[in-house]
Each structure stands twice: as C-alpha cells, then as structure tokens.
Amino acid sequence: MVGDDEMSIVLRRHIPVIIVTIIGIFLFFTYPIDNPVVIGTAGILGNWAMILASFALGIGAINMIVIHGRRVSEMRKGLWEPSLALLITMAAVLLLGLATSVKSDEYTLVYDTLVGAGRLTLVSLRGFFMFSAFYRAYRARALDGTVMLIVSILLMMYNVPIAELFFPQLNVFTQWLLDVLFVGGERGLRIIGGIGMIIITFRILTTADRSWMGREE
Amino acid sequence: MINSVKMYVGWVDLEMFVEGRGTLFFFMIFFFAVYYAIAMLAKQGRKWDLRRLPQLDAIVEGIGRAVELGRPVHFSAGVAQGGPGDPDRLHAYPMLRYIARECAQRDCRLITTVGRSEVYAVLDQIVKEAAITAGKPEWYRAEDVRYLGDDQFVYVGGVMGLLQREKVATNLLFGYWRGALINALEAGRLSGCLQIGGIGRFSGELGIMALGCDYWLVLEELIAASAFLSEDPEQIGTIAAQDYIKYVIIAISIIGALVFTAGIESLYKILIW
Numbered sequence: 001m002v003g004d005d006e007m008s009i010v011l012r013r014h015i016p017v018i019i020v021t022i023i024g025i026f027l028f029f030t031y032p033i034d035n036p037v038v039i040g041t042a043g044i045l046g047n048w049a050m051i052l053a054s055f056a057l058g059i060g061a062i063n064m065i066v067i068h069g070r071r072v073s074e075m076r077k078g079l080w081e082p083s084l085a086l087l088i089t090m091a092a093v094l095l096l097g098l099a100t101s102v103k104s105d106e107y108t109l110v111y112d113t114l115v116g117a118g119r120l121t122l123v124s125l126r127g128f129f130m131f132s133a134f135y136r137a138y139r140a141r142a143l144d145g146t147v148m149l150i151v152s153i154l155l156m157m158y159n160v161p162i163a164e165l166f167f168p169q170l171n172v173f174t175q176w177l178l179d180v181l182f183v184g185g186e187r188g189l190r191i192i193g194g195i196g197m198i199i200i201t202f203r204i205l206t207t208a209d210r211s212w213m214g215r216e217e
Numbered sequence: 001m002i003n004s005v006k007m008y009v010g011w012v013d014l015e016m017f018v019e020g021r022g023t024l025f026f027f028m029i030f031f032f033a034v035y036y037a038i039a040m041l042a043k044q045g046r047k048w049d050l051r052r053l054p055q056l057d058a059i060v061e062g063i064g065r066a067v068e069l070g071r072p073v074h075f076s077a078g079v080a081q082g083g084p085g086d087p088d089r090l091h092a093y094p095m096l097r098y099i100a101r102e103c104a105q106r107d108c109r110l111i112t113t114v115g116r117s118e119v120y121a122v123l124d125q126i127v128k129e130a131a132i133t134a135g136k137p138e139w140y141r142a143e144d145v146r147y148l149g150d151d152q153f154v155y156v157g158g159v160m161g162l163l164q165r166e167k168v169a170t171n172l173l174f175g176y177w178r179g180a181l182i183n184a185l186e187a188g189r190l191s192g193c194l195q196i197g198g199i200g201r202f203s204g205e206l207g208i209m210a211l212g213c214d215y216w217l218v219l220e221e222l223i224a225a226s227a228f229l230s231e232d233p234e235q236i237g238t239i240a241a242q243d244y245i246k247y248v249i250i251a252i253s254i255i256g257a258l259v260f261t262a263g264i265e266s267l268y269k270i271l272i273w
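Heads up: the protein sequence lines correspond to chains R and D, in order. For the first sequence, counting from 1, position 150 maps to 150 in this note's numbering; every step adds exactly one. For the second sequence, counting from 1, position 268 maps to 268 in this note's numbering; every step adds exactly one.
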C-alpha cells in the first residue's frame, strides 16, 4: 500500500516533473523536425496551454477580490475607498460583459474609457521618465559615460535632416557604427542570451531546476 | 543541396530535418552531452572556481537596508507576454526563493507583485515555502503576494502606486519586461529605492535596465546567479557548462567566418544545413 505522504509526493512532485520533461523534449524536436504529426501535436499542446492560462486568470481575479475585499471589510484607512472602487468596477465590467458581449459597443466604450485612458497616461509618462533617466546617465564623468554621450549625440543628429545637409560625412560614420559595431555587439548579446536559454532548458529537462513548481523538495 | 538527396546517418533520415536546422540540432545534442557530463561531475563533488557576483551581495545589502529603515522590499517577476515558462521568468523563481528566505530570516516584509495570472500560484507557493524553510511560517502573508493585472501598463501602474504608498526601500525587478519598465524604475527612483534588476534575453529593455538600476544582472549573469542562489551543486556546475558551450560557439563563429571568407562551399553548407 502506498501511504498518503508517498502518494502526495508522487502527485505533487513526480507527475508534474514527468509531464514537463516529456512535453519539453517533444517540443524541442518540433523545431528541427518537419513532420505533420509532430507539428499538429505541438499545436494541440499549445491550445491546452491556452485553456490552462484562462483558468489561471480566474485565480488572479480571486486573489484581487480577497486582498481588496479584506481591505474594505477591515475599513483600512486610506485603502478601503480605492479598493471598494476597484471591486465595484470589476463587478460592473464583468456583468456588462456577460449581459452584452466583450465585443459590444457598450463594453468597448467602458473598457476604452477606463483602461485605455489609464494606459495612455502611463505611456505618456514614459517620455518624461526617459528624459530624466537619460539626463542622469549621460554625463561625461567617466570614459564610458563620455563615449555613450558622444554616440547618443551622433545618433540624434543622424535622425534629423539638417545634420545630413551640413555634416554628410558624420552621417556616413554613424551609419557605419549602426551597421558594423552595433550589429556585432547586438549579435554577441543575442548569442549569450541564447546560451542562457539553452542552459535553463537543460536544467529543467534534467529536473535539476524544479523552481517552476514553486516547491522546495 | 544536401536536403534534396535521401540520406541516412545510422538510422536517422536526414530528410526529416527542416532546412537550416539540422546542424543546429546536432549541436544541441552535443551541448546537452557537455551539460550532462559536467552536471554529473558536479554531483560527484567536483568543484569549479566561481567568481561571486557583486550584484548578489547587493541584494543582501538591499534587504539589510530595508530592515534598517523598517520598510518593505518589492519583488517583481515581470510583466505578461511569453508564457509562465518563459526563460526570463524561470530565472526569477530561484531569485525569489532566495530573496524570500533572506527576508523571512530577517523579518523584513516582502511584497511580491504578479504581472501574469498563470504564475501567481507559483510565486505564492515559493514565498510560502521560503517562510517555512526559514523556520518562520508566520512571516508569510497572503496579501503580500499581489496580482496586479496582465496588461503591462495596468500592472506597472499598480507597481508605481505601491512603491510610493508602501515606501519601499529596495526594488527588485526580474523576469520579462517590456516598454513599461522605465515607469517602474523611475517610480522606484522617485521613492528613493535601491534598485536591482535582471534581464535574461536581448531586448531594448537591457539599456533601460542599465539606466535605472543601481545593480543589474545581464543575460548569462542572471542564469549564473539563479544557479548560484539555488545552492545545489548540480546547478552550480552548470555555470561551468555554460562557459564551455560559450567557447564552442565562439570557435564555431570563427570557423564559420573563415570558411565563408575563404569560400569553402562544402564546409559552409554543412554549417548551415
């Protein structure tokens, strides 16, 4: 007889590891091998992953309801009002989506007004944030900072037509920087990132890394 | 063309390979053999001299700073896009485990925000187990692992508010990031946070991370760091495997460039087969 603890370990550790290893190795073969059965099966697995992902969205929503519901029920100072607004909005948007459809004009209007406006605000903020970050970083205090500053100025000049008119040779040099130095550096970084991905894949397939399960054992 | 002829190597039908991916496939098998051999050696007790990354010390210092100031630490595993098993996110899990354990041991509050619903359960479990491993299960608070939304700007809006409201002392940003990264970093800067980040793949956000972070782990450093923090000899050994694979790739790049320049077509065709 298998004890409860042993069964629990089999369910919690061994079965997920076996599933991930088999599917991982199978998906690895879909890249170099051109076979309709292999490609078709990979597509089915992709669809299963999407179905599981939609269940996970529900878990996320439950987490939000629990956290914000607790704030409201405990009337936490300065927190319960926005939490209540969030819960009411969540319920209203959910009901509207169920009553009409997610493609209806009413739903689109509410979504665009709430989420769209907020997104645009944050996207606009990026412009200011970029400027403040560049201002801090691009100071000619050290050699590398100075090089970055010069290259940035060259690139800025490259992108304005007036520079082409007055300093055509400078743009030839900037183009060389873009085509040769930058591409070389970028490819080096891509290869290094790729090696990292290969290693992490091997770690998971050989079960050396099981952190994706969220458990220590 | 090699692909147009029915060819067999042992029992392997070479026609089944997608053109341009055959050599790559065999190299992957070779890399796996290198990785496996080194992992086995590491398991048997072989040790390699490894340089400790200063960024890891900075993480410990960051937690210490939060303890001294009596303020929380914020950890993010990035925004949505990619899957829960996205390589960038996979690096973040061991980092969170280490950070959560350190925070639990020092009674430092850790707020973990989640930008992708699929990984919520994983991150929550990691934090919970870290508290148990540290011998302080009471340290875990369910409401400190927060799902903020799958849309990157919705998520980052939540992070920006949290950094200001909770007066976060140390902002740790790992996982997959996109355009909204600069918002999270600058909000952290305005809140006076010590910022440590890491990105595991080449993207435009590499530069943004460099601009906004006090310390950052780039590409393979992040992979090495996640292995280092696991304290598992097998995983630490894989850092050496990573270096050996890198040497092989450098050699292939040089050979490829020479072969192409010299115009040796047959060798070149094998490399791109």
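Think of the hints as simulated: they come from the structure by calculation, not from any bench. Among the clues, some could well be false.
A few chain R residues that don't get close to chain D, going by computed Cβ distances all over 10 angstroms [as the list claims (entries may be wrong)]:
#1 84
#2 105
#3 149
#4 175
#5 199
#6 204
Here are some of the chain R residues that sit facing chain D, going by a computed Cβ distance under 8 angstroms [claimed, not checked]:
#7 115
#8 117
#9 122
#10 135
#11 139
Every residue gets a Cβ at the ideal spot worked out from N, C-alpha and C, and that includes glycine.
Going through the hints against the structure:
1. 84: holds, 16 angstroms
2. 105: holds, 21 angstroms
3. 149: holds, 13 angstroms
4. 175: holds, 20 angstroms
5. 199: The claim breaks: residue 199 of chain R does not keep its Cβ more than 10 angstroms from every Cβ of chain D (closest is about 5 angstroms).
6. 204: At about 7 angstroms from chain D, residue 204 of chain R fails to clear the 10 angstroms cut-off, so the statement is violated.
7. 115: Since chain D brings a Cβ to about 7 angstroms from residue 115 of chain R, closer than 8 angstroms, the hint holds.
8. 117: Violated, because the Cβ-Cβ distance from residue 117 of chain R to chain D comes to roughly 11 angstroms (cut-off 8 angstroms).
9. 122: The hint holds - residue 122 of chain R has a Cβ within 8 angstroms of chain D, the shortest such distance being about 4 angstroms.
10. 135: Since the shortest Cβ distance to chain D is 10 angstroms, the answer is violated.
11. 139: violated, 12 angstroms
This entry does not satisfy hints 5, 6, 8, 10, 11, going by the numbered hints stated previously.
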